[in-house]
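Undergrad: Here is what each chain is made of, one letter per residue.
Protein chains: 2
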Amino acid sequence: MDYITAKFAKLGVDNAPGQEIRQKTDHLALIGDPIDGVLVDFSHGDVDAFEPLPGSFEAFQKGYEVGGAQAYTEYRGKAVIREQLSKDLESFTGAPVTPDMLILTPGTQGALFLAMGSVIGRGDKVAIIEPDYFANRKLVEFFDGELVPIPMDYMKSFDRAGIDLGVLEEAFKSGVKLLEFSNPNNPTGVIYTREEIRAIAELAAKYGVFVIVDELYSRQIFAHRTYTHLRAQGLMDPDNLLTIIGPSKTESLSGFRLGAAFGSPMIISRMEKLQAIVSLRCAGYCQAVFPIWFHEPEGFMEKRVTAHQEIRDDLLSLFRAEEGISVRPTEGGSYIFPKVEGLNVDISDLTKILRVQANVTVTPGTEFGPQFTDCFRLNFSQDPAKAHDAIVRALQIIKRYRK
Amino acid sequence: MDYITAKFAKLGVDNAPGQEIRQKTDHLALIGDPIDGVLVDFSHGDVDAFEPLPGSFEAFQKGYEVGGAQAYTEYRGKAVIREQLSKDLESFTGAPVTPDMLILTPGTQGALFLAMGSVIGRGDKVAIIEPDYFANRKLVEFFDGELVPIPMDYMKSFDRAGIDLGVLEEAFKSGVKLLEFSNPNNPTGVIYTREEIRAIAELAAKYGVFVIVDELYSRQIFAHRTYTHLRAQGLMDPDNLLTIIGPSKTESLSGFRLGAAFGSPMIISRMEKLQAIVSLRCAGYCQAVFPIWFHEPEGFMEKRVTAHQEIRDDLLSLFRAEEGISVRPTEGGSYIFPKVEGLNVDISDLTKILRVQANVTVTPGTEFGPQFTDCFRLNFSQDPAKAHDAIVRALQIIKRYRK
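Chains as they are written, first to last, in numbering that gives the first Met the number 0: chain S, 0 to 402; chain Y, 0 to 402.
Among the hints, a few may not be true.
Identical copies go unnamed one by one, so any copy, or any two together, can satisfy a pair.
With a straight-line Cα cutoff of 27 Å, these simulated DSS-like cross-link-like pairs (lysine-lysine) come out [stated by the list, open to error]:
id	residue 1	residue 2
1	Lys-398	Lys-385
2	Lys-302	Lys-86
3	Lys-398	Lys-23
4	Lys-9	Lys-124
Hint data in this document are derived by calculation from the structure and do not stem from the laboratory.
Remember, predicted model here, so these are calculated numbers, not experimental data.
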């Protein structure tokens, strides 16, 4: 097998969220009849249940009406939009952001790709938390980096995320060039404590490691939790740090594909060079939607976060009532990552069975690290009643496939 | 310099169309006063002069109103849209296209990036025509391929494009894995003859070379010219061929970032895997605009092509009236690539001088091949009167910097 064939053989999407339609299910040894119910796709949030930010369509329309000056922007994004957004991000994260420290991208995925591609090259060691967002692992492989897994024992104590700082330091000592992690963590919904974030920053500073922190869900933090922005700690060289965020999740703007990366101007310049050959720019008319972000109507975000917390509480109580299913309460973001003891089928087949027999789509844990063979992820940004019924069905089906 | 630093040092964007705002101009030794006039940016088409296809905004709006089912599509694009577009592309190009042979991408640049990334790997030889679209060269470098230039003597005879088929066969013999070229050619506006296209296909078949043909401008062909779709010739293994197209140019939909690649299902699958980590998908709401493409109001495209032909004729007559400036008449697309004899300044400085003294933006020839040190490219999809005046000004300024 040649280099490029081998590369793509490793790069799977069949279990990726949203791609379930391509899965084969003929081989499944199904037990019992399906349970009827309205389809719920927990692989991503439902933007019909939680609609796009008010004013987003109107902002797009205004951009369209501007015409050529909005259709063709600098590759890094329209200057006047970067000027405003850099102020918003500075105030949100608590550390300086200037327009030259910011690039607008097609979604947060776009930002992540450009960031990884601008920092790592062939053979570079990259530290990735396990579990963490599945694309991190795939990106390291695509750029021919070497993956260095850092375990996070998120079930050990609910007082901290559980990153193994000893393993992290050993990895940094061994020559890791980049640490990439999400906070809140995807898939567990765990938030790193202030102490953990500061320890990561100090280690990165000590060993000169570049850090990309994916803060996609950092505007959706649940009660009694404090969120710590790494970039505001003043412990790292700002030129070795990049923060990624976007309005696709809590704000439900995924259909516009909007993302942003901010930090090291040198890396932002590289990202722009790369964006020039990857897709030119975040779609010009869509860029016009950025300015409503961080300027939602009074109380809108608080209400939305509270609504998510209520769904979380409801679903958590369903999972916790089930013997042999353990789950850590989500602290930020919309994910739950239950762990099921005594499964008779592998997790990839279980997710297919849930589709066929419960009309429920979830994502297998193995997408987030090879060891998560008894976990699955669900995004609870859904209609509350439908989500409740769907999890009741799913739990009934899961029973059939356990020892 | 480490691997990644060296890679980005080579990957420039400062001379790329649309990035002129970042150029430094302090070093220029300017002769005479500037000539007043309305700014014309010939680095790309003016979508205010030639507006987006009628119905495009309304199609977007309908997509937005669909909601979640439009925001989240398969990574390769929404199935129902691919079904219709595959029929349209089959009928346009004259050879079968099925939905599994098609991927929707963020612009044609997106398609090109995914295509190149799916075919070539480290060390692979890639044949690139000179002159041709600047991103081709940069993509080969980004993917660590080895560039094999194929000269095209487009000024030799106006009866053919002028690709050197002897050099091409030698390149193929030497182990080239991929040929990538644009037709109509960017920047010259030349169309390959049927004989040239068939010769390319036969050589590719003989040596098992993969071909990516960028047909972005193939709907804008001027009078008395016949356009030949490589994929309709039946001379190549269809699994070794990919065609790229999009509605950003003649159709003026660039602000939505829409592109398409179609051909080898195996490569399309790879492109989808890559898109999953690059930007997930072409923006969901924007995908809703695809169905109006190839279904323009009766006579709309003919009228638009005729309008471009008239601007071409006008600007060509201005260039031809100037001694020592040679230009081949554009056969398809919106580019003119004049060659200026006896310049006293280098072409990159000339383009900066034109910005400063004539309020005119053009792209230096060296973006399209290192040898084009006395050429520049302009996109004449502009307001006709403004474009005329701008070229009159540019020619007056150019006179000052010639021997």
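Undergrad: Indicate, hint by hint, whether the structure satisfies it.
TA: For each hint, the structure was consulted:
In this assembly of identical chains, the alpha carbons of Lys-398 and Lys-385 lie at most 27 Å apart only when taken from the same copy (20 Å versus 73 Å across copies). In this assembly of identical chains, Lys-302 and Lys-86 lie within 27 Å of each other by CA distance solely inside one copy; the values are 24 Å within and 46 Å between copies. Only within a single protomer do Lys-398 and Lys-23 lie at most 27 Å apart by alpha-carbon distance; the minimum there is 23 Å, versus 68 Å between protomers. Both within a single protomer and between protomers do Lys-9 and Lys-124 lie at most 27 Å apart by alpha-carbon distance, with minima of 18 Å and 23 Å respectively.
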